[in-house]
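> The chain contents come next:
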Amino acid sequence: MFDFSPQELTAIALSLKVAGTATVISLPLAIFVAYALARWRFPGHAALNALIHLPLVMPPVVTGFVLLLLLGRKAPLGHFLAEYLGIVFAFRWTGAALAAAVMSLPLMIRPIRLSFESIDERLGQASRSLGADPLWTFFLVTLPLAAPGVIVGAILGFAKALGEFGATITFVSNIPGETQTIPAAIYSLTQTPDGDADALRLAAVSAVIAIAALIVSEMLQKRADATRAGK
Amino acid sequence: MIAVDGVRLRRGDFELSASFASKARILALYGPSGSGKTTLAHLVAGLAAPDEGHIAVNGAALVDTAARLFVAPEKRRISLVFQDALLFPHLDVKTNIVFGRFFTPVAERRVPFDAVVETLGVAHLLRRRPGTLSGGERQRVGLARALLCSPRLLVMDEPMASLDFDRRQEIMALIERLRDEFVIPILLVSHAADEILRLADEVVALERGRIVAQGLPSETIAAASRAVEGGRFSVVSALNARAGAFDPRYGVTRLAHPSGEIVIAARVADGERPVRALIKATDVALARRAPSETSIRTVLEGVIRSIDEDEGPLAFVQIGLKNGDVLTASVTRLSVAEMNLTIGGPVFALVKSVALDERELGAGMSRD
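Quick mapping for you: the protein sequence lines, in order, are chains V and W. Take any residue in the first sequence, note its place counting from 1, add 35, and you have its number in the numbering used here. In terms of the numbering used here, the second sequence has 70 at position 76, counting the first letter as 1, and numbering is strictly consecutive.
Simulated from the structure, these hints should not be mistaken for lab results. Please note that a few of the clues may not be correct.
On the chain W side, residues computed to face chain V include the following (Cβ under 8 Å) [as the list claims (entries may be wrong)]:
# : residue
1 : PRO83
2 : ARG123
3 : GLY125
4 : PHE159
Here are the in silico distance ranges between beta carbons for each label pair [said to hold, decoys possible]:
#  : chain 1 : residue 1 : chain 2 : residue 2 : range
5  : W       : ASP45     : V       : HIS80     : 21 to 27 Å
6  : W       : SER13     : V       : PHE77     : 32 to 38 Å
7  : W       : ARG5      : V       : HIS80     : 16 to 22 Å
8  : W       : ASP58     : V       : TRP75     : 22 to 28 Å
9  : W       : ASP108    : V       : TYR119    : 55 to 61 Å
10 : W       : ARG236    : V       : ASP155    : 44 to 50 Å
11 : W       : GLY53     : V       : PHE77     : 35 to 41 Å
12 : V       : VAL123    : W       : ALA54     : 53 to 59 Å
13 : V       : PHE67     : W       : GLY6      : 29 to 35 Å
14 : V       : HIS80     : W       : ASN52     : 36 to 42 Å
15 : V       : HIS80     : W       : GLY6      : 16 to 22 Å
16 : V       : HIS80     : W       : GLY115    : 44 to 50 Å
Predicted, not measured: the structure shown is a model, and the values here were computed from it. From the three backbone atoms N, C-alpha and C, an ideal C-beta is built for every residue, glycine too.
With the rest of the complex left out, here is chain V (with noise of 0.2 Å):
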């Protein structure tokens, strides 16, 4: 039954490149905004946080309208990246990753600012007493004791990422090769007549990649929670 069509091992192979990238490059940003929302108070607090969710609550089509607004060939943006730093989003893997990204960092948010409001924050006094400065202590106190969060918000966002479909086709279309991840290729056999058994399969694959991804998670977690009761 699971003898792939190079098309599929294709798409396949895509997803998981688009919603790796897409991981990578938004943990970072994620931890970032996580950690202003939840320690510092600064003007525009409330305006940011509602501009981070916006991907959850906007329909996907329109956040992917919004990035080829602003990043197609023909955007000031997407030029500007495109003609200087030879960067280029649309109708490419990237934009793909793009797109998977800013959809998921709503979700990678949440449990990381969770995790450091949990957080004692006289630890962080007691390590800048002890000669940290703020740099030192986030890295050797505040994120390794945010670690349940950011492995939780880590899984979720590439869980999101693999998943992405709305945003990801009206920003950089559904190309075989390039842009046509796992829900994409889905969606073009359910197009197709007789496709339906082929996008049961791939069903099936994007079921065991995110129930995989589940048990990972769940074990990291227990170890990162375990450590951070100091046990």
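Model the placement of chain W on the given structure of chain V, informed by the hints.
Only chain W this time, still in chain V's reference frame:
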């Protein structure tokens, strides 16, 4: 040497305003909760910034609002010991202990690892994780961690408040050893009179954000407690004495004091050594002449230094003893009047021996 000058801090309803200077080896900040003693310690350590004022430790200015100076806490080399130790839960004990040393310039690492581990008895804990330690163990590790920064000043914020009685005695003894072995000045924040009487050389007493008294522990604590309602029960005097031999026949120990013998209904360990006896003001009765045929064995002769009374029924009488110790007695104003007690007059203090307890004796310390 700590110098706090014109420091003000306002947070909502609370306002702290403090100026003091001290060269004490162990300076205590004493007061009830909400008095601002922890805030003041945090200002010294740099965990909070005052609205205005000047703070210096060992001559180095750390805060000077007029000159827009604020030294970051990690640059002050003032380490903290917290009530609940606040060990880093994700690091093992050894990594916790060397955390601060890692950030200490090599030339300034004058506190040796082995000596600290030895003195605090944490060698067998090094590979454990903080979550598996008992309260006393955690506090010892917290002390080790703070010491290994070779700090200019050690700030202890209620370090014994969450420990049981025996653990407190143990930690107090350790703090005395640290003070002597590693020669690091200590700022001790505490609301417990017994801790301060045993450990501190000098006390700054706070009440509602203001300094109400500063001076020697026994006098300052008595003065500060009188200001508080119900405070007469916590007025305690500390007397410097020498432990003598244990009398197994009656189960008592005699302490030698220049003003008379102090009898304790318990065994004092370690034989002859200087000790401090703690006596509650409510356990002291007064007599004009040396009493005879009384059940009380501890009679101390002294001179009345002050009589502190107001509209209430009670008065506090301070008695100067022959070695300079001050013993406070809580008696009724009626007694003061009918006995015709006057300042400068001789008096005999009768101390119920049962009020003294071996466990209330701190290891003696010389006052300089």
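> Any of the earlier hints contradicted here, and which numbers?
4
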